[in-house]
Amino acid sequence: MNSTYSLGNRLLDALPAGDASDLAGDLSVVTLRAKQSTQSAGERILHIDFPIDAVLSVVATLKNGETVEVGTVGSESFVELEATLGSDVASRTSFCQVDGRVGRMRVERFAWRMTTSDSFAWSMRRNVRAALYSSQQFAVCNLKHSVVQRCARWLAMTADRVDRPQFSLSREFLAIMLGAKAAVVVEATDWLERSGAVAYHRSEVRILDPGRLHDAACECYDVSNAAFAASLCT
Amino acid sequence: MHLKVAGSRANRESRSFSADEDLDVELRRVVEEAYDSPARKLSGFDIGRAYWGARTAFPYGGDIVDVFQYANGRTSIAVIDISGHGIRSARHAGLVRHALRAYASQGYDAVGSIRALNRLCIEASIFEDDSEFFATAFFGIVGADRRSMAYASAGHEAACLVGGGGHRFLNATGPILGLLDDDLAFRGETVALEPGDIVAAVTDGFTEARNEDLEFLGALPLATVIEHNRVRSAQEQAQAIVTRAFEYAGARLADDVAAVVLTVKAQERTQ
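First to last, the protein sequences are chains A and B.
So this note's numbering is basically just the index in the first sequence, starting at one, shifted up by 32.
So this note's numbering is basically just the index in the second sequence, starting at one, shifted up by 12.
Source of the hints: derived by calculation from the structure; they are not laboratory data.
Some hints here could point you the wrong way.
Distance ranges between label pairs, derived from CB positions [stated by the list, open to error]:
id : chain 1 : residue 1 : chain 2 : residue 2 : range
1  : A       : Arg76     : B       : Asn84     : 13 to 23 Å
2  : B       : Asp157    : A       : Gln198    : 51 to 61 Å
3  : A       : Arg157    : B       : Ser117    : 25 to 35 Å
4  : A       : Leu164    : B       : Gly262    : 27 to 37 Å
5  : B       : Asp225    : A       : Lys176    : 35 to 45 Å
Here are a few chain A residues that sit away from chain B, every Cβ distance over 10 Å (derived from the structure) [stated by the list, open to error]:
id : residue
6  : Ser72
7  : Glu75
8  : Lys95
9  : Gly97
10 : Thr99
11 : Ala171
12 : Glu204
Partial selection, computed: residues in chain B whose CB lies under 7 Å from chain A [claimed, not checked]:
id : residue
13 : Ile134
14 : Phe146
15 : His179
16 : Ala184
17 : Pro187
18 : Asp193
19 : Thr202
Don't be surprised by glycine CBs; every beta carbon is placed ideally from N, CA and C.
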């Protein structure tokens, strides 16, 4: 059931009062289930999703069919970033990774706000800059950091985004998202379990010790968080 | 053809299956029938299939191949690789195999069948509270006249068409099954067929077989094996494919290898 947006997306919640006051009329709250597609690559962008407690994945599919995540988006940002650049066609597929809610705005209303409110446009562009910076950081991460570090970073970021220590996330799915072999990811998550950072029960992961998980993660976790935190400052 | 049960590990794993003994026996029967019985002879085709199980206690996993002919004269070829191993994967493999047959029987084309199967994988994951139901699949439907094959490949990289002019890989036309609920992510392709053309497909246990230097075998040897064995029967070609993987990797072969070969015969003369 759709309802009207009040609070929950940190980017929207940090908007200046003038922009925030009439935002509710342009946003409906939509509940997404895991694996639900929100945008197909090559298709017209119809809406912009601002996650509240859902986590969305932006993925690239290679010629051999391998699908790898190129972006994870939670309440710190939004999907489709390219709408800020005037694009009306999505270049990537997006879908819901962890069940939850998004604030959904029609792309026409988003474009109208981008052209009529300097402060709204400035906030969105700063957020896109943080997303671009994070994306570049993760490109380095994929080249230089171990699967254990990347798994830890990914689990820590997802826990932050859903804002709870337990969520559904199978190791098989994690392997697909990281573009790693399932067996390697199983070894990595086993290592994290032995260290006491997390516990897996079937497809449910529980963060037992956020500090240990943070220590196991690469620097990219802090770098990305800092970039988005800076983008939310007014 | 599969590796034999061996040692204490096998005994341990056998005990873990004891609670599901009836299911285990039934699954073994179903899967053994799928691989160990001779491929059914179909008019217009020579069919071969082979399997090499890398696991010990329950030698069959989520790799399965299937060739099925429908009343309207169409023939489907499927290669499916379910994530994971063991009884659970074998159970899902059976589900996927029969679902594809059912969709094609209802008149769905190859990509329509794959899209429907993708939805089923997601729905089954939700219903069974099993979020690890992922699969890759190659699914081709050869027309009744045997002059073309429409196919869709969900994240399944290694299928190959070998003809008089050489070989051509039939690339993936969409992501793996069960990942995202998006029909538009999957598309279909059609290739022309001539008498003597060979369609061969394997699971990733073949392409990801690694030698002592940990180098992957890759997809190209699939075409090479077929081209070197063109005069042999489809069954001999299928066995040559899995043998190639085992010779390359030896004891390092860590994943099951399933192969299916379908050769298009010349049209029989009608009296």
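Hint check results:
1. Arg76(A) - Asn84(B): 13 to 23 Å: Cβ of Arg76(A) to Cβ of Asn84(B): about 37 Å, so the range 13 to 23 Å is violated.
2. Asp157(B) - Gln198(A): 51 to 61 Å: holds (56 Å)
3. Arg157(A) - Ser117(B): 25 to 35 Å: The hint (25 to 35 Å, Cβ to Cβ) is violated, given that Arg157(A) and Ser117(B) are roughly 53 Å apart.
4. Leu164(A) - Gly262(B): 27 to 37 Å: Taking Cβ atoms as reference, Leu164(A) and Gly262(B) lie about 47 Å apart, which means the hint is violated.
5. Asp225(B) - Lys176(A): 35 to 45 Å: violated (23 Å)
6. Ser72: violated (4 Å)
7. Glu75: violated (6 Å)
8. Lys95: Contrary to the label, Lys95(A) does not stay out of reach of chain B, its closest Cβ about 6 Å off (not over 10 Å).
9. Gly97: Contrary to the label, Gly97(A) does not stay out of reach of chain B, its closest Cβ about 3 Å off (not over 10 Å).
10. Thr99: Nearest chain B Cβ is 4 Å from Thr99(A), so the label is violated.
11. Ala171: Since the minimum Cβ distance to chain B is about 21 Å, Ala171(A) lies beyond 10 Å and the statement holds.
12. Glu204: violated (5 Å)
13. Ile134: holds (5 Å)
14. Phe146: holds (6 Å)
15. His179: violated (16 Å)
16. Ala184: holds (3 Å)
17. Pro187: holds (4 Å)
18. Asp193: The hint holds - Asp193(B) has a Cβ within 7 Å of chain A, the shortest such distance being about 5 Å.
19. Thr202: violated (18 Å)
Hints 1, 3, 4, 5, 6, 7, 8, 9, 10, 12, 15, 19 from the earlier list are contradicted by this structure; the remaining hints agree with it.
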